[in-house]
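2 protein chains.
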Amino acid sequence: MHTLLIQSNPKTMDMYRELVTAAGLPSLQIVDSPSPKVDIFLGEPTRLVPLLPQLPSLIWAHSIWAGIEPLLDDSLRRDYILTNARGIFGGLMSEFVFGYMLLHERKILQRLEAQKIGRWDSSITGTLRGKTIGLLGVGSIGGDLAATARHFNMKVRGYTVSSESCPHVDRYFHPPHLADFASGLDYLVSVLPDTGQTARLVDTSLLACLPPGAIFINVGRGNVLDEAALIQALRNEKLAGAVLDVFEQEPLPADNPLWHEKNVFITSHSAAPSFPNYITALFLENYRLLIDGQPLKYRVNFERGY
Amino acid sequence: MHTLLIQSNPKTMDMYRELVTAAGLPSLQIVDSPSPKVDIFLGEPTRLVPLLPQLPSLIWAHSIWAGIEPLLDDSLRRDYILTNARGIFGGLMSEFVFGYMLLHERKILQRLEAQKIGRWDSSITGTLRGKTIGLLGVGSIGGDLAATARHFNMKVRGYTVSSESCPHVDRYFHPPHLADFASGLDYLVSVLPDTGQTARLVDTSLLACLPPGAIFINVGRGNVLDEAALIQALRNEKLAGAVLDVFEQEPLPADNPLWHEKNVFITSHSAAPSFPNYITALFLENYRLLIDGQPLKYRVNFERGY
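As they're listed, the protein sequences go chains R and D.
Using our numbering, the letters of the first sequence map in sequence onto residues 1318 to 1623.
Using our numbering, the letters of the second sequence map in sequence onto residues 1318 to 1623.
Errors might be hidden in some of the hints.
Stated by the list, open to error - Here are the simulated lysine-lysine pairs, DSBU-like style, with alpha carbons at most 35 Å apart:
| # | chain 1 | residue 1 | chain 2 | residue 2 |
| --- | --- | --- | --- | --- |
| 1 | R | K1448 | D | K1555 |
| 2 | R | K1433 | D | K1614 |
| 3 | D | K1555 | R | K1472 |
| 4 | R | K1328 | R | K1555 |
| 5 | D | K1448 | D | K1555 |
| 6 | R | K1579 | D | K1433 |
| 7 | R | K1424 | R | K1354 |
| 8 | R | K1614 | D | K1555 |
| 9 | R | K1448 | D | K1614 |
| 10 | R | K1579 | D | K1579 |
Hints were generated in silico from the structure; no laboratory data involved.
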């Protein structure tokens, strides 16, 4: 018999419980609070950290996030198997980024306006084919975006510290060649995390390297962007638009001018949520492996950190 | 020395001439009117048909359309190489279809409305992942749509007379199993041409097989749809929306109720235009093969008809 503790935010907690219950897993009891009996955990890493001392029997924890950094702290035990959510976020990010790029290319809003007045707007469409996308950061998510860009016959540039491991990137750039990377891009997409090195990377000088028809999309973290520089570039028509999912301060304050800036889309950190049903599917798959005595999938190497 | 005659509609004629001229092809003269000297044709099949008797030296014609049916008429000569536009339309159709599907899933219009009033709308996004798309017709274009659907982790059904040749289709259906095909689809997409068999295939009974949350997208030909049945289904909330690029009568008449029907997108036959630059690239590639004495690509087999 296994005992599962589920801990996530109040919005999703019941969903996870229902999804796991509905799967009718054999030999499994679900509990609400930590106890010495609990040997399996499903939930948010930040919620597991303080509970670790109360879970002496823990053999396996499945993180519902991709990010498991809180559990990598040197002071914490590592005598359990840690698995995490994978293969989900890149696809969601692709849907988001390409949804907005296609909104632009296909003139969807323009055609909607024409429809309102009953006008047959057969003006020629734009296309992603042959356009160039530049990815600021090419990890797991950037790699998925690169694959989707390649699927749509785009040219793909990647900007990384040094890695060149993604087969879908046509051309890599590394520091200090940021200006070369940005020159001639149709779409600049940041998937960069919030680190000291990435702060304000997208500033006046980088935006000045882009052609006036370019669009900036931020699905990484808000600190990469100098918001004032972006607004300036848009108003001076040195940039055609921006799609911003993330901000230094979230929710974006009501008095932030970005809300009402022309050609800016505010998407309120909706790009890649943790969908309980997909996250749970990974957990269910692994539970069945566990009771079959097979090695678990999506396992995190504590030393490597991913 | 080769002599090229270019004939297309007035909107694109000059573009083709300029694109070919700019390529600086060796040993090529471009002319404006038919003559016994003309040995190469670039243009619309319907414009070539009446000119064929005036082009005794014709060795090669490149169609700027995918459709070359007019040139397959039994009464016409076949003593020249016919090549056509390929590999372009499927990609454009994919951009169109997935642009509108992502518009829906990602709640792009809803988030735009929220932005107008400065509201942080972090409501959960939909996703294509795990959704089911049903393709009415799986030829070259349907195959491209299937590949894109697979890329976005969708389940793909195909409805064809009998062929099952696309590797990206998970499950094929054939007549008379149209209702089984439609049952449970999230997206029904028609790429069917206008033939006697396809008229009014999408009617009340087919629409009734779809779940109420489904969306119908027509990028084939208008005659496949019973418009009155579609409007009825939408008003009875048996269908969530429709994206209509093609109509029995184009431009869609001003008094057609579809213009102002809720959740209907009228896209004015803009899904997959013949882009002169891409079409011309195929021609240029083939011209270079011709003067090198190599076999041409994108060749049509007159017997097979494609």
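> Honestly, which of those hints from before does the structure not fit?
Replying inline: The structure breaks hints 1, 2, 3, 4, 7 and 8; every other hint is satisfied.
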